[in-house]
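Make the full structure from the sequences, and use the hints.
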Amino acid sequence: MKTRLMALVAALTVCLSACHSGSSAAKKYFVAFSQCNNAEPYRAAQNQLMDKLFKDKGDVQLVIADAQQDNSKQIAQIETFIRQKPDLLIVAPNERAPLTDVMGRAMAAGIPVICLERDITQDNYTTFIGADNLSIGKMAGQFIVDSLTRKNGKPRGKIVEMRGLLGVEAEMERYNGAHDVLKAYPEIKVVHEAVADWLQDNARARMLEVLRAQPEVDVVYGHNDPMAVGAYLAARELGREKQIQFIGVDGLGGPAGGIKKVMDGVLVSTFYYPLCVDKAVEVGEQILHDPSFHPDKKYILQPKLITAENANEMYGKLTF
Amino acid sequence: MTQPSSATSELKADAKQSVIGEVSRRQIRKRLQSLFGLALVLIIALIASPHSPRGGLIFLEAGNITDVLRQVSEIGIISLGMTFVILTGGIDLSVGTVLALASSIVALVLTRVAFGVASGVAITAAIAISLAAATFVGFTNGWIIARLRIQPFIVTLATMIGVRGLARWLTSNTNIDIGFGADLASIFSRVFSTKTMVIGSYVLLSVVLAAVLAKTIFGRYVRAVGDNEKAARYAGLPISKTKITVYTMTGLLAGCAGVLHAAQNHQGNPNSGVAYELEAIAAVVIGGTSLAGGSGSIWGTVVGTLIIGVLTNILRLNNVDSNVEMMIKAGIILGAVWIQRAGKEAS
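If you read the sequences in order, they're chains A and B. Position 286, counted from 1, in the first sequence is what this note's numbering calls 1366; the numbers after and before it change by one each time, with no gaps. Position 98, counted from 1, in the second sequence is what this note's numbering calls 106; the numbers after and before it change by one each time, with no gaps.
One should not assume that every hint holds.
Calculated pairs, DSS-like style, for lysine-lysine (alpha carbon to alpha carbon, straight line, at most 27 Å) [claimed, not checked]:
| id | chain 1 | residue 1 | chain 2 | residue 2 |
| --- | --- | --- | --- | --- |
| 1 | A | Lys1165 | B | Lys203 |
| 2 | A | Lys1165 | A | Lys1137 |
| 3 | A | Lys1132 | A | Lys1165 |
| 4 | A | Lys1263 | A | Lys1234 |
| 5 | A | Lys1153 | B | Lys337 |
| 6 | B | Lys337 | A | Lys1165 |
| 7 | B | Lys203 | A | Lys1153 |
| 8 | A | Lys1153 | A | Lys1132 |
| 9 | A | Lys1269 | A | Lys1384 |
| 10 | A | Lys1397 | A | Lys1137 |
Computed footprint of chain B on chain A; a stretch qualifies when at least three of its residues, placed anywhere within it, have a C-beta under 8 Å from a C-beta of chain B [to be verified]:
| id | stretch |
| --- | --- |
| 11 | 1141 to 1149 |
| 12 | 1152 to 1164 |
| 13 | 1169 to 1179 |
I should point out that these hints are in silico values taken from the structure, not numbers from a laboratory. The beta-carbon is built from N, C-alpha and C at its ideal position, and this holds for glycine as well.
In structure tokens:
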């Protein structure tokens, strides 16, 4: 028993000392970023960009904590950050209500807080930096109207929608925004709304079912790029991908992102949903360096349409 | 074939129990052993804790210690019930979804039902309804396992899936948000999310259930059923009743955790509690309870919960990557069980 214990103690000590030395780089400022879920590609892109931008500045030690889509875990991580008293705390809240209180406590502890992308129920932050899903929905709706008009001579056609996780705000706004536009055109019909929970494999399975039931589909509107790609895969399996236009949302860079899918001709368009990180780093640096600086309470960034025309340019900008 | 051998083992057990001194000494040793693990983790925490700007150790700050206790409370309460279940040789996979169900129901009732009575009464009623639902799920588990004789793994796997569906159906798969105003739900959230309430509930339930397991006849039945069900049956112990009670209790405890979960997160969320059953099982196993049933204690489970909690805290205070955190936890689970086995082999 004693030998086993000794072995374990030795292993733990090695582990911890290794961890310890890893984080002891002496930088001027300590910035803590509480990310709600690294597993989402959008979030991973946020992390990469933030890491790169702060590294470029050179005076910041950035620590990113991943809450793995769990409110309780994110609250616990922020509580730990509050103990560590960072010079700046950036939070991408997993959900509104659960994170509101703990962000208030960070503010009360005198830590400047940037709330990223998802708003909370009270303004417990120094500044909020976000983007507008409703206008993405509207842009998507208008794009569908225009391309159907080009294809069929007038605004007429059949749409299939691939919806994200129901009850999530981004999903509702991307849905409502598009329908606000589409409802003015009675000849455009949404023939099927499939719920695929943001996931490519789910979307592929749902789309196979949809295509069996719908002999005619003009446009697939995926509430994110992976779902639009999943629907494309299903159509290709049945040899129908040429007759359908696939539209996605998110427009991430990199080989797995939606922009590459536009360049490859899989999607006709995607809508860049801003990562918000570049603005956060810009405002964050000002907060760190200038104590008298007061940022706006809110910065709302605008989405951007990406088609074959500007895909190459955007790919270069958004691939890190 | 098996009957004579079980009879002899019973005889041996009798002989052992007659030497009371030896038994209690072994018990004390066992307790010290699990405490030793906690002490080890605490020492590591003291060595590895970063210093606050004022010079003290961040780990030892009162705020940090109570943070840790509050953070482990939900899993802690669930793992109390899980200890009883595992002692009977069973398993309960449904606790995470029962937590989600209870948190959804309490939020639904508080935000959607107009009571027209004093807020204290209304909040009590809402909690009672949600706990009743959780208890009923637990009872159903126990009844099917004991009466229909289906394996606990399968029964609770089924309820895990079914209850998740029920919680989503009740809430239309949306989160029921609780605000920060003066309405019923907000008052509930304010009261039940305080550290005193959360940690207090955990401590109280631990003490009560430790006493139930160690001092009551029911506690002895629980061990007997898990140790050797056949022998317990021949001895005329109420096996079915014991099992039903244990699963019912576990449902109730998962419900309690769910109520605290709703208050702390300001919402009833039908999708929360994912993998909580595994975290609870981990705490029980680190605490020295055997998955084969029969041996283990509430005391050990509390220590197991604290080991995980302190370790998580110290890793986060050192900004260890969360993926590395998971790998280290895996090592801890295996290491803890390995050491305990060494202890058993020696005795």
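Against the structure, the hints:
{"no.": "1", "hint": "A:Lys1165 x B:Lys203", "verdict": "holds (21 Å)"}
{"no.": "2", "hint": "A:Lys1165 x A:Lys1137", "verdict": "holds (21 Å)"}
{"no.": "3", "hint": "A:Lys1132 x A:Lys1165", "verdict": "holds (23 Å)"}
{"no.": "4", "hint": "A:Lys1263 x A:Lys1234", "verdict": "holds (15 Å)"}
{"no.": "5", "hint": "A:Lys1153 x B:Lys337", "verdict": "holds (15 Å)"}
{"no.": "6", "hint": "B:Lys337 x A:Lys1165", "verdict": "holds (26 Å)"}
{"no.": "7", "hint": "B:Lys203 x A:Lys1153", "verdict": "holds (16 Å)"}
{"no.": "8", "hint": "A:Lys1153 x A:Lys1132", "verdict": "holds (26 Å)"}
{"no.": "9", "hint": "A:Lys1269 x A:Lys1384", "verdict": "holds (25 Å)"}
{"no.": "10", "hint": "A:Lys1397 x A:Lys1137", "verdict": "holds (18 Å)"}
{"no.": "11", "hint": "1141 to 1149", "verdict": "holds (count 4)"}
{"no.": "12", "hint": "1152 to 1164", "verdict": "holds (count 8)"}
{"no.": "13", "hint": "1169 to 1179", "verdict": "holds (count 4)"}
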